[in-house]
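Visitor: The chain contents come next:
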Amino acid sequence: DTAVSQTPKYLVTQMGNDKSIKCEQNLGHDTMYWYKQDSKKFLKIMFSYNNKELIINETVPNRFSPKSPDKAHLNLHINSLELGDSAVYFCASSSAWMQYFGPGTRLTVT
Amino acid sequence: GEDVEQSLFLSVREGDSSVINCTYTDSSSTYLYWYKQEPGAGLQLLTYIFSNMDMKQDQRLTVLLNKKDKHLSLRIADTQTGDSAIYFCAEDGGATNKLIFGTGTLLAVQP
Chain A
1 DTAVSQTPKY
11 LVTQMGNDKS
21 IKCEQNLGHD
31 TMYWYKQDSK
41 KFLKIMFSYN
51 NKELIINETV
61 PNRFSPKSPD
71 KAHLNLHINS
81 LELGDSAVYF
91 CASSSAWMQY
101 FGPGTRLTVT
Chain B
1 GEDVEQSLFL
11 SVREGDSSVI
21 NCTYTDSSST
31 YLYWYKQEPG
41 AGLQLLTYIF
51 SNMDMKQDQR
61 LTVLLNKKDK
71 HLSLRIADTQ
81 TGDSAIYFCA
91 EDGGATNKLI
101 FGTGTLLAVQ
111 P
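Chains A and B, in that order, give the protein sequences.
Using my numbering, read the first sequence as starting at 1 and increasing by one per residue.
Using my numbering, read the second sequence as starting at 1 and increasing by one per residue.
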């Protein structure tokens with residue numbers, strides 16, 4: 001009965017590759033998010049979708065492209081991966097004011 | 001700006017109280033939150049407080065909010081070793097509902 005799930009949990013890849021991270025929520029929430037947590041544990045919003053529409057796009061390189069096929073899913077595709085993309089990426093969903101986070105995907109770019 | 005500041009580290013003995021402090025910047029935030037992150041794990045919503053409240057108590061957790069000083073604190077009574085984690089405060093970003101997180105406080109509980 002996982003509320004917000006992400007796959008994969010770990011992703012190791014080389015510079016220049018393209019990769020995707022998937023997120024699914026079974027809470028019936030309308031809004032989903034992607035956050036990035038860097039090596040110093042600092043967390044920052046990247047994107048937010050509400051009912052499949054993009055509502056937040058915070059100064060993120062256009063190599064990052066979110067896609068929401070339906071309101072229960074928000075995937076993150078990253079092109080031409082760079083070393084600085086190494087981080088933990090968290091998906092979240094919310095209804096009203098409470099956000100629930102997934103377990104995170106640790107991306108390591110070598 | 002969007003800086004939410006926290007002290008980096010707090011060490012307490014098991015059974016003592018812990019107080020984690022946070023200073024936020026956006027006075028228009030409606031809700032303020034505390035999240036817990038255990039090593040290698042995701043973010044667990046611990047508690048939240050509505051901006052027109054001064055205090056909220058939830059079992060061992062007490063949240064205090066001073067809107068004038070934009071100061072938020074989390075007190076954990078009878079701290080246990082299982083409370084060892086990073087604690088993040090967060091404010092909501094207004095209409096967009098994005099969360100603006102603090103820098104995180106690592107709580108170490110000594111047995």
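Hint data in this document are derived by calculation from the structure and do not stem from the laboratory.
Every residue, glycine too, gets a C-beta built ideally from N, C-alpha and C.
Each hint should be verified, as a subset may be incorrect.
Think about it this way: if two alpha-carbon atoms lie no more than 27 Å apart in a straight line, the pair counts; the simulated DSS-like pairs of lysine-lysine are [said to hold, decoys possible]:
id: 1; chain 1: A; residue 1: 44; chain 2: A; residue 2: 67
id: 2; chain 1: A; residue 1: 52; chain 2: B; residue 2: 70
id: 3; chain 1: A; residue 1: 67; chain 2: A; residue 2: 19
id: 4; chain 1: A; residue 1: 36; chain 2: B; residue 2: 36
id: 5; chain 1: A; residue 1: 41; chain 2: A; residue 2: 22
id: 6; chain 1: B; residue 1: 36; chain 2: A; residue 2: 44
id: 7; chain 1: B; residue 1: 70; chain 2: A; residue 2: 40
id: 8; chain 1: A; residue 1: 71; chain 2: A; residue 2: 40
id: 9; chain 1: B; residue 1: 70; chain 2: A; residue 2: 67
id: 10; chain 1: A; residue 1: 67; chain 2: A; residue 2: 52
id: 11; chain 1: A; residue 1: 9; chain 2: B; residue 2: 70
id: 12; chain 1: A; residue 1: 52; chain 2: A; residue 2: 40
id: 13; chain 1: B; residue 1: 68; chain 2: A; residue 2: 22
id: 14; chain 1: A; residue 1: 19; chain 2: A; residue 2: 44
id: 15; chain 1: A; residue 1: 36; chain 2: B; residue 2: 70
id: 16; chain 1: B; residue 1: 36; chain 2: A; residue 2: 40
id: 17; chain 1: B; residue 1: 67; chain 2: A; residue 2: 44
id: 18; chain 1: A; residue 1: 67; chain 2: A; residue 2: 22
id: 19; chain 1: A; residue 1: 67; chain 2: A; residue 2: 36
id: 20; chain 1: A; residue 1: 19; chain 2: A; residue 2: 36
id: 21; chain 1: B; residue 1: 67; chain 2: B; residue 2: 36
id: 22; chain 1: A; residue 1: 9; chain 2: B; residue 2: 67
id: 23; chain 1: B; residue 1: 70; chain 2: A; residue 2: 44
Not close to chain A: a few residues of chain B, all C-beta gaps over 10 Å, as computed [claimed, not checked]:
id: 24; residue: 19
id: 25; residue: 28
id: 26; residue: 30
id: 27; residue: 52
id: 28; residue: 60
id: 29; residue: 75
id: 30; residue: 82
id: 31; residue: 84
id: 32; residue: 110
Visitor: Work down the list of hints and note, for each, if the structure agrees.
Guide: Comparing the hints with the structure gives:
Between residue 44(A) and residue 67(A), the direct Cα distance comes to roughly 19 Å. Compliance with the 27 Å bound is thereby established for this hinted pair. This hinted pair does not check out: residue 52(A) and residue 70(B) have alpha carbons roughly 34 Å apart, beyond 27 Å. With a CA separation close to 13 Å, the supplied pair residue 67(A) and residue 19(A) stays within the 27 Å bound. Using a Cα cut-off of 27 Å, the hinted pair residue 36(A) and residue 36(B) holds, with the two alpha carbons roughly 16 Å apart.
With a C-alpha separation of about 21 Å, the suggested pair residue 41(A) and residue 22(A) falls inside the 27 Å cut-off, and the hint holds. For the given pair, residue 36(B) sits about 16 Å from residue 44(A) by alpha-carbon distance, which is consistent with the 27 Å threshold. This hinted pair checks out: residue 70(B) and residue 40(A) have alpha carbons roughly 24 Å apart, not beyond 27 Å. For the hint linking residue 71(A) to residue 40(A), the alpha-carbon distance of about 31 Å lies beyond 27 Å, and the restraint is violated.
For the given pair, residue 70(B) sits about 36 Å from residue 67(A) by alpha-carbon distance, which is inconsistent with the 27 Å threshold. Restraint check for residue 67(A) and residue 52(A): the C-alpha separation of about 8 Å stays at or below 27 Å, so the hint holds. Taking the CA atoms of residue 9(A) and residue 70(B), the gap is about 36 Å. The hint is violated against a cut of 27 Å. Between the alpha carbons of residue 52(A) and residue 40(A) the distance comes to roughly 31 Å, so the proposed pair goes past 27 Å and is violated.
Restraint check for residue 68(B) and residue 22(A): not satisfied, since their Cα atoms lie roughly 41 Å apart, outside the 27 Å limit. Between residue 19(A) and residue 44(A), the direct Cα distance comes to roughly 20 Å. Compliance with the 27 Å bound is thereby established for this hinted pair. With a CA separation close to 25 Å, the supplied pair residue 36(A) and residue 70(B) stays within the 27 Å bound. With a C-alpha separation of about 16 Å, the suggested pair residue 36(B) and residue 40(A) falls inside the 27 Å cut-off, and the hint holds.
Between residue 67(B) and residue 44(A) the CA atoms are separated by roughly 23 Å; this keeps the pair inside 27 Å, and the hint holds. For the hint pairing residue 67(A) with residue 22(A), the CA-to-CA distance comes to about 10 Å; that is within 27 Å, so the pair holds. This hinted pair checks out: residue 67(A) and residue 36(A) have alpha carbons roughly 16 Å apart, not beyond 27 Å. This hinted pair checks out: residue 19(A) and residue 36(A) have alpha carbons roughly 15 Å apart, not beyond 27 Å.
Straight-line distance between C-alpha atoms of residue 67(B) and residue 36(B) comes to about 23 Å, which keeps the hinted pair within the 27 Å bound. A hinted pair counts as satisfied when its Cα atoms are at most 27 Å apart, and residue 9(A) with residue 67(B) does not qualify at roughly 39 Å. Between residue 70(B) and residue 44(A), the direct Cα distance comes to roughly 20 Å. Compliance with the 27 Å bound is thereby established for this hinted pair. No beta-carbon of chain A comes within 10 Å of the beta-carbon of residue 19(B); the shortest separation is about 20 Å.
At roughly 14 Å from the closest C-beta of chain A, the C-beta of residue 28(B) stays outside 10 Å, upholding its exclusion from the interface. Non-interface status of residue 30(B) relative to chain A is broken: a Cβ of that chain comes within 10 Å, the nearest being about 7 Å off. Distance check on residue 52(B): its Cβ is at least 13 Å (rounded) from any Cβ of chain A, clearing the 10 Å threshold; non-interface status holds. A cut-off of 10 Å between C-beta atoms confirms that residue 60(B) is not in contact with chain A; the least separation is 20 Å.
Chain A leaves residue 75(B) outside its interface by the beta-carbon criterion, the shortest separation being 21 Å against a cut-off of 10 Å. The beta carbon of residue 82(B) sits about 18 Å from the closest Cβ of chain A, which is more than 10 Å, so the claim that it is off the interface holds. Residue 84(B), annotated as away from the interface, keeps every beta carbon of chain A farther than 10 Å; the closest lies near 15 Å. Distance check for residue 110(B) against chain A: the nearest CB is about 21 Å away, which clears 10 Å, and the non-interface claim stands.
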